[in-house]
Amino acid sequence: MRILLVEDDLMIGEPLLDILRAEGYAVDWVRDGELADAALQSQSYDLALLDLGLPKRDGMAVLRALRGRKQRLPVLIATARDAVEQRIAGLDAGADDYVLKPFELDELLARIRALLRRASGRAEPVYEHMGVSLDPATHEALVDGKPVSLSAREWAVLEPLLARPGLVLSRQQLEEKLYSWKDEISSNAVEVYVHGLRKKLGAALIENVRGLGYRVPK
Amino acid sequence: MKTKPAPSLKRRLMVFLLAAISAAALVQGITAYRTALQEANEIFDYHMQQMALSLGGVNGGGRGSQDDLELVVQAWTAEGLQVFQSTARAGLPQRAVLGFADVEAEGRRYRVVSVQTGGQVVQVAQELVVRERLASRLALRTVTPIALMLPVLMLIVGWVVSRSLAPVERVRAQLAKRAAEDLSPVGEGGLPAEIKPMVQELNSLLGRVQQSFTAQQHFVADAAHELRSPLTALNLQVQALQRATDEPARAQAQNRLESGIARATHLVEQLLLLARQEADGSEHLPVALAPLLRQVMTDLTAAAQARRIDLGLLHTEALSTPGNAAALATLVRNLLGNAIKYTPEGGRVDVSLYAGEAGQSALIRIDDSGPGIAEADRGRVFDRFYRTADAAAQADAIPGSGLGLAIAKVIAEKHGARLTLGQAPSLGGLRVELGFRSATRIAP
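Protein chains in written order, with this note's numbering: chain A, 899 to 1116; chain B, 5 to 448.
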């Protein structure tokens, strides 16, 4: 899953970036409103974590522009603006959730998971399909009830596929889930991870649709 | 514990006014009574005389006595032969002396007038007891209206006093029923001229209290808001440290946590400094300005050298100004620290101290070769937590709490000094001037 982190404060952005990456998300971090606008227009994200008090362009303006372009990705506002009116304005401008700084990290991660889950059209917290279950909260993967150890990258490839069985994701789309801008992408990375996943979870779980990409059969 | 009740304006007015009215009525009553008595006497005398004169021509005939006045009339011929006596009981002596006299006869006192007319002597007498009774009845009738008016007057005075003091009571009631945080002005309509200025002063005080109350509320809200970011950072840095799996990641997380703590500490210290300066009421003693400048510049030399900034003292005077030395040092340090912080590496910062006319005032000037502050921002940079867009954009390179200039301004205000921003003519950057209204030349 790919997340855009919009946060101007270096001291908040740095640890948050590390933590989100450790959670298995591909994260891009921008530090002002204009860059956030540009990133949202050029890249495809599964979620935006948005601060409001930003240099150059306020977070609210970024949010309105985003919704004005009919982009539907979930937006979670994380800000120090605590007045009720501001929270209402944020939600009314198109945010899906609003957390106040200082937030509890575990709560923030849970909210991110909830928003991603809702965006993929599910209500249940655990992905379960063809005997494979993934729990994004604990990062526990089970095959027929037995725990299997997956690397963060393998997880990042499997999760979007398992989230919507039947949907074909191209190699490029999967690469976007894996890497943020600055990462060096090796040309066959996705193939490598798919291979690893098939070995651990069974070859039938991930189908190769020639010329199009990969899918988990419905 | 018993406390003496506060003196009541109303009670005092009532007591004094009613006492004065009573005394005046009493004096007036007594005077009126005595005047009436005296006048009654004169009227009776006149009456008796007229009667005697008129009887002279009658020659013993006609009406001999006047019942209501209880007059006794006697007439004699020139030879002393009594020709008429109105009543037998009187037994008044025949008076040879003409005119008025008080006479005693048979244990009673009489007022007597004798008149000689047409060969007769007519004597008219009236018993004094009777006369006094009649006179006092007359006098009492004069006094009665005064006595009747007294309670009416008292009621009117009481009403007027109560009515006049009603606005005071109204203001009191208005103040009594308001909530503790209600600092809105008290209604000034319909107040008498004596009370209006007091209420106006009260309202202006309430306004000032409201203002400082609001300022404090804003300050607390701002402070709470500003503390959220460093707290969020600390929280995340601790989490990152806990989650770090290898040694380099742990070392990095620890470094970040330390700088996060340093930042939060700095912010809290600045907040405390600001609050302390705002509450500072310390005595102002003469502070020598040139040594103070040198001390602060020495303290900041390392910071200037680290950024290869040429920091120099161009001009000084031997001047002192009344103030708090520590606070003034903080003020100069904040101004000079900003100049060093925002001037690009290799730049220049000039400090000078000038004397005003006859050494009665002093001016500290700090010029730098930095980017300056846009004119539109110059008014706002002294606001708490305000950082210009430029300062916010380079917040990583130049960390700041947004409180330095706010603290400087508070200290300047406490010293009655004027803090102005402008453009440094030769260096092109910011010019900060700190003008002290009073200064004294001292031995260098």
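No lab work stands behind these hints, which were simulated from the structure alone. Owing to the predicted nature of the structure, the values given are computational and were not obtained by experimental measurement. Glycine residues also receive a C-beta, built at the ideal position from the N, C-alpha and C atoms. Some clues are possibly wrong.
Ranges between beta-carbon positions, derived for each pair [stated by the list, open to error]: (1) GLN246(B) / ASP1042(A): 29 to 35 Å; (2) GLU273(B) / ASP1042(A): 37 to 43 Å; (3) ALA378(B) / GLN941(A): 32 to 38 Å; (4) GLN246(B) / GLN941(A): 48 to 54 Å; (5) GLN969(A) / HIS222(B): 53 to 59 Å.
So the hint says 32 to 38 Å: do the beta-carbon atoms of ALA378(B) and GLN941(A) match that?
holds, 34 Å
Please check whether GLN246(B) and GLN941(A) have a Cβ separation lying inside 48 to 54 Å.
violated, 31 Å
If I claimed the Cβ atoms of GLN969(A) and HIS222(B) lie 53 to 59 Å apart, would that claim hold in this structure?
violated, 37 Å
Quick check: does the Cβ-Cβ distance between GLN246(B) and ASP1042(A) fall within 29 to 35 Å?
For ASP1042(A) against GLN246(B), whose Cβ atoms are near 33 Å apart, the range 29 to 35 Å holds.
Should the hint that GLU273(B) and ASP1042(A) are 37 to 43 Å apart at their CB atoms be regarded as holding?
violated, 59 Å
Consistency with the previously given hints fails for numbers 2, 4 and 5, ordered from lowest to highest.
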